[in-house]
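Q: Sequence:
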Amino acid sequence: MLVLFVLCYLRSVKDLARLSLRDPKYIAVHEHHEHSTPAQLEQSYIVCELQQKINILFSFIKAHRNKKVLVFMASCKQVKFTFEVFCKLRPSTTVMSLYGTLNQLRRVSIYDEFCKKPSAVLIATDIAARGLDFPAVDWVVQVDCPEDASTYIHRVGRTARYEKDGESLLFLLPSEEYAMVKQLNDKKIPILKIEVNPSKKMVIYRKLQSYCAQDPELKESGKRAFISYVKSVYLMKNKDVFDVTKLPLEEYAVNHDSKGNEGNDWRREKRLRELEELKPDSGDEEDDELLVKKEGGILEGIESDDDDLEEHFSSKKPQTKIAILKKAAKDQRNTKKDLPEKTRKNRSRNPYFLSSLKSDTDGDGEDDDEGEYEKGLNLREAEKYMREADKEDKQRYQERIKAKHKEERIKRKQAKQKDEDDNSSDEEEYAGVQLDVGDNFEEFDVNTLPKPMSDMEDESNNESDEEDGESGAGNRR
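Residue numbers (the UniProt record's numbering): 1 to 477.
To be clear, the hints were calculated from the coordinates, so they are not data collected in a lab. The reader is advised that the hints may include incorrect statements.
To be verified - Under the rule of at most 25 Å between Cα atoms (straight-line distance), these lysine to aspartate or glutamate pairs were calculated in the DMTMM-like manner:
| no. | residue 1 | residue 2 |
| --- | --- | --- |
| 1 | K182 | E42 |
| 2 | K116 | E163 |
| 3 | K193 | E147 |
| 4 | K394 | E408 |
| 5 | K53 | E163 |
| 6 | K182 | E220 |
| 7 | K200 | E163 |
| 8 | K53 | E34 |
Said to hold, decoys possible - Label-pair ranges, simulated between beta-carbon atoms:
| no. | residue 1 | residue 2 | range |
| --- | --- | --- | --- |
| 9 | Q214 | R412 | 23 to 33 Å |
| 10 | D165 | S12 | 32 to 42 Å |
| 11 | L19 | A136 | 39 to 49 Å |
| 12 | R22 | A136 | 46 to 56 Å |
| 13 | E408 | N66 | 51 to 61 Å |
| 14 | V108 | L21 | 36 to 46 Å |
| 15 | K330 | P135 | 30 to 40 Å |
| 16 | K231 | D390 | 54 to 64 Å |
For every residue, glycine included, the Cβ atom is placed at its ideal position computed from N, Cα and C.
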């Protein structure tokens, strides 16, 4: 009982050893090593704002789509939300998620699938930091800062196993950099600060806002992820690293909601909505194009202007008729000087282009070339032309439907007539059939049949009536 009481107040194994042992020897895994992590593990970190993490993560995955990457986040809801968003963005590689709220069979299935694939991205919580052996992991990316240096070691231990090479990347906020790097240095973890190449970074949070506005469930998932992250930071014990009051929560909330500060500028939003799809990658890129490894220096140029969006987004969304007409008018104006005179006059008859803006300065009844294509597109004429074309299409469609119905009626009538003709021919054939009864056939006389009982009773009644009549007459005589 006394031993249990003492053990309750012991804080570590060292206290127990000092209590019960004499001159103990301490044995540690990395006691006499220069570093606490494997020598073949290359470790680095970047400093970025909270709202830029998802942009950098997506850019990293696009730049390393042929690698096997393990991504760590703080909470299950963050993992789920990021997985759903990346599935919509399609980063040209397999994306999977692993977190604690999944059932055991599902977790085992995801683990086996990730181990078998030569290249994939697994977004997970600390459930994947211990006890799981992921073979051939190339990168370990820690989007959210680990709780302490020991958790960091467990996370990066998923790569560079069995004398294999590996790399790790840690995302740190400006408020987390000093205290966390100090902890890692105290644990003898060599880590190098690097920068992000701004020209290779993609901006996806506007696209993310569009998805949240279209899908209410995704928006609610983003809100839950935001709340869970803030809660996890608040519950951390080391306040030197995790200070919730220093988080840019308003800017970070923009990534998880459909409303942002830029929503008032409708022209800018319209332009961003037109830039729907990401441009496909042009071949394989080197791993260090996104990450620039330099000693010292703070991450600069992380923000991208709106003009840089053109490099990463393309308008592959189906264009409207008005957009097509405007593009045709623009091409017309650009090439009008290179066209011969006859071709230009023929194209001027197209109702898509302005007829009211054509000028006849010479008075010869012909339109001058300078006034033909000066303004380009006449939307009213184009709308009128398309409306008439729609009417013609509807009329032709109705005519085809009527012709089809008429053809079906004729076929049914012909089929009915054919059935009637077949029945009449069968009756005629049956009527013309004669039976061969032989030479000794005698025709049957119907009169030879016995009379029915009712007829016999009637005759007997008549006979009795006649007898009664005769007897009555004799009596009168």
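Q: Just to be careful, I want the Cα atoms of K182 and E220 compared with a cutoff of 25 Å; is the pair within it?
A: Measuring from Cα to Cα gives roughly 37 Å; hence the hint is violated.
Q: When you take the CB atoms of K231 and D390, is the distance between them in 54 to 64 Å?
A: Between K231 and D390, where Cβ atoms are some 56 Å apart, the hint holds.
Q: Just tell me: holds or violated, for the beta carbon distance of L19 and A136 against 39 to 49 Å?
A: Given range 39 to 49 Å: holds, Cβ gap about 45 Å.
Q: Look at the Cβ atoms of K330 and P135 and judge whether their distance stays inside 30 to 40 Å.
A: violated, 55 Å
Q: Would you check the hint for K182 and E42, treating anything up to 25 Å between C-alpha atoms as holding?
A: OK: K182 and E42 at ~18 Å, within 25 Å.
Q: Going straight from one Cα to the other, do K394 and E408 come out at no more than 25 Å?
A: The hint holds at about 21 Å.
Q: Tell me if the straight-line CA distance from K53 to E34 falls inside 25 Å.
A: Outside the cut-off at roughly 32 Å; violated.
Q: Checking one constraint from the list: CA of K193 to CA of E147, max 25 Å. Satisfied?
A: Since the Cα atoms of K193 and E147 sit roughly 19 Å apart, the hinted pair holds (cutoff 25 Å).
Q: Mind checking the alpha carbons of K116 and E163 for me, to see if they're no more than 25 Å apart?
A: holds, 20 Å
Q: Between K53 and E163, is the straight-line Cα distance small enough, at 25 Å or below?
A: Violated, because 31 Å separates the two Cα atoms, which is more than 25 Å.
Q: When you take the CB atoms of Q214 and R412, is the distance between them in 23 to 33 Å?
A: Violated: the Cβ-Cβ distance is about 49 Å, outside 23 to 33 Å.
Q: Would you check the hint for K200 and E163, treating anything up to 25 Å between C-alpha atoms as holding?
A: violated, 32 Å
In summary, the numbered hints that this structure violates are 5, 6, 7, 8, 9, 15.
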